[in-house]
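2 protein chains.
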Amino acid sequence: MLSKAQIQHIKSLEHKKFRQEFGEFIVEGRKIITELINAPGPFRIKNLYLEEGFPGPAVDHPAEYISAKEMERISSQSTPSGALAVVEIPKVPVTMPQQGKLYLALDGVRDPGNFGTILRLADWFDIAAVYASPDCVELYNPKTIQSTMGAILRVPVHYTPLAPLLQGCSLPVTGSVLLGGTDINNTPLPCEGIIVFGNESQGISRELLEHIPVRLYIPSYRRGSESLNVATAAAIICAAFRRNRPPLPMQPDI
Amino acid sequence: MLSKAQIQHIKSLEHKKFRQEFGEFIVEGRKIITELINAPGPFRIKNLYLEEGFPGPAVDHPAEYISAKEMERISSQSTPSGALAVVEIPKVPVTMPQQGKLYLALDGVRDPGNFGTILRLADWFDIAAVYASPDCVELYNPKTIQSTMGAILRVPVHYTPLAPLLQGCSLPVTGSVLLGGTDINNTPLPCEGIIVFGNESQGISRELLEHIPVRLYIPSYRRGSESLNVATAAAIICAAFRRNRPPLPMQPDI
Numbered sequence: 007m008l009s010k011a012q013i014q015h016i017k018s019l020e021h022k023k024f025r026q027e028f029g030e031f032i033v034e035g036r037k038i039i040t041e042l043i044n045a046p047g048p049f050r051i052k053n054l055y056l057e058e059g060f061p062g063p064a065v066d067h068p069a070e071y072i073s074a075k076e077m078e079r080i081s082s083q084s085t086p087s088g089a090l091a092v093v094e095i096p097k098v099p100v101t102m103p104q105q106g107k108l109y110l111a112l113d114g115v116r117d118p119g120n121f122g123t124i125l126r127l128a129d130w131f132d133i134a135a136v137y138a139s140p141d142c143v144e145l146y147n148p149k150t151i152q153s154t155m156g157a158i159l160r161v162p163v164h165y166t167p168l169a170p171l172l173q174g175c176s177l178p179v180t181g182s183v184l185l186g187g188t189d190i191n192n193t194p195l196p197c198e199g200i201i202v203f204g205n206e207s208q209g210i211s212r213e214l215l216e217h218i219p220v221r222l223y224i225p226s227y228r229r230g231s232e233s234l235n236v237a238t239a240a241a242i243i244c245a246a247f248r249r250n251r252p253p254l255p256m257q258p259d260i
Numbered sequence: 007m008l009s010k011a012q013i014q015h016i017k018s019l020e021h022k023k024f025r026q027e028f029g030e031f032i033v034e035g036r037k038i039i040t041e042l043i044n045a046p047g048p049f050r051i052k053n054l055y056l057e058e059g060f061p062g063p064a065v066d067h068p069a070e071y072i073s074a075k076e077m078e079r080i081s082s083q084s085t086p087s088g089a090l091a092v093v094e095i096p097k098v099p100v101t102m103p104q105q106g107k108l109y110l111a112l113d114g115v116r117d118p119g120n121f122g123t124i125l126r127l128a129d130w131f132d133i134a135a136v137y138a139s140p141d142c143v144e145l146y147n148p149k150t151i152q153s154t155m156g157a158i159l160r161v162p163v164h165y166t167p168l169a170p171l172l173q174g175c176s177l178p179v180t181g182s183v184l185l186g187g188t189d190i191n192n193t194p195l196p197c198e199g200i201i202v203f204g205n206e207s208q209g210i211s212r213e214l215l216e217h218i219p220v221r222l223y224i225p226s227y228r229r230g231s232e233s234l235n236v237a238t239a240a241a242i243i244c245a246a247f248r249r250n251r252p253p254l255p256m257q258p259d260i
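For the protein sequence lines, the chains are S and F, in the order given.
For the first sequence, our numbering begins at 7 and goes up steadily by one.
For the second sequence, our numbering begins at 7 and goes up steadily by one.
So here's chain S without its partners, still in its complex pose (with noise of 0.2 Å):
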């Protein structure tokens, strides 16, 4: 059985204060959880509540088990799944651009929706790691989280100042602009280096367009359509910047 103090701790991790000050996040969720066992690469697991009478991850965890009513408590879904997990925030020091591989560079991006689909693309798409200004929502987001499909677990996300790491970078950088570049379908795109994408309604910040030598637009076919949501856009070059490299074979239905 929970305590109140246990139950007032795993609540305040909603909370961005209160995930900094313990150092602590929540993940939700079966599928995630077993993955999360499985392959924890910097992630550790510090307790694990699994409601009873419900499927648990598929491998073996110590773990707590609690009643529906405990893990509605402490669930943050409106619909829980059955499996909480409190986890550690890793400290894993920025590494920087190699070369041969495909990075990207997020510029304020503020909606956890959004940051978190573009890591679950990013994952599809073999990106080694995703950098994220400082100003971008928080990685350890709930919101954040959910959307990301357990991508969080397969691709490191920095965040460091965007200027700095541009400047210095020798691989080929790339920016998704909507005025004033080339267009996607007619540009020759590298297989290697850093694409940049900005803020939801600002774009990349002008002081970062500096540094971000070929700027690609994707065109539209309508006159008076709005612009592209960012995850849409990141979704499109990612595609784009992955078209011509011979993709995994397809596994086999299971």
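Check the hints yourself; a few may be wrong.
If several chains are the same, the list does not tell them apart, and a pair holds so long as it fits within one copy or across any two.
[What the hints assert, rightly or not] Below, simulated DMTMM-like cross-link-like pairs (lysine to aspartate or glutamate); rule was C-alpha separation at most 20 Å, straight line:
hint, residue 1, residue 2
1, K149, E206
2, K149, E20
3, K107, E27
4, K149, D117
5, K10, D132
6, K97, E216
7, K17, E216
8, K10, E58
9, K37, E232
10, K149, E232
11, K22, E213
12, K75, D117
13, K22, E70
14, K37, E206
15, K37, E198
Just so you know, the hints here were simulated from the structure itself, not pulled from any lab data.
Got chain S; can you put chain F on it based on the hints?
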């Protein structure tokens, strides 16, 4: 000044039940309301509420001026934009796909953010209309409206059972699948027809797949990566369908 009954009526429109009962929905935001007045299409504004001292829409329209406090009470946004319209739900007859045009069909897309993002994409890529299965999320959900960013005014949406639509369609029918299709990068894509996207977790229903002769998948480049979100898959696929069509000339930076 708003009466209690007016406030109650407007607030009730946050719920599907009352939207259907009254045949009305809410549009919020200065930009989209300006567009709505300028090019109403099938939409008719019933009441327009503007916050006193706030910049209203950029065109003239009869409006009721209300206080910031009143706006806060009727708005469903955490930061009200100062302009809110009650709009009649139009009765638009379902039109059949026409030669030379491209359409999307959504099979059970449940998330309002995904649905709205796909409409925004449809606008960008000059999709003539979107067909939605009756179990899709409702177009007039405030979250859907908000994520369309005005595309709702330009892209007709028809709720209709998809199997008869596809069966009776003489244009090419393609669908986005996760497994068992052909690589989108190695498949010749028509410039007309219907592209089908499925539900967030189930994909396209088995019943509907029978009517989709060409099934496309977006290749993945990393082992173990999760599926793509339906809106990002739609982005990649729409961009691929339009790749060979000349885009609009770039608009000047205003």
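Would you list, in rising numerical order, the hints stated earlier that this structure does not obey? Violated: hints 3, 5, 6, 7, 11, 12, 13 and 15.
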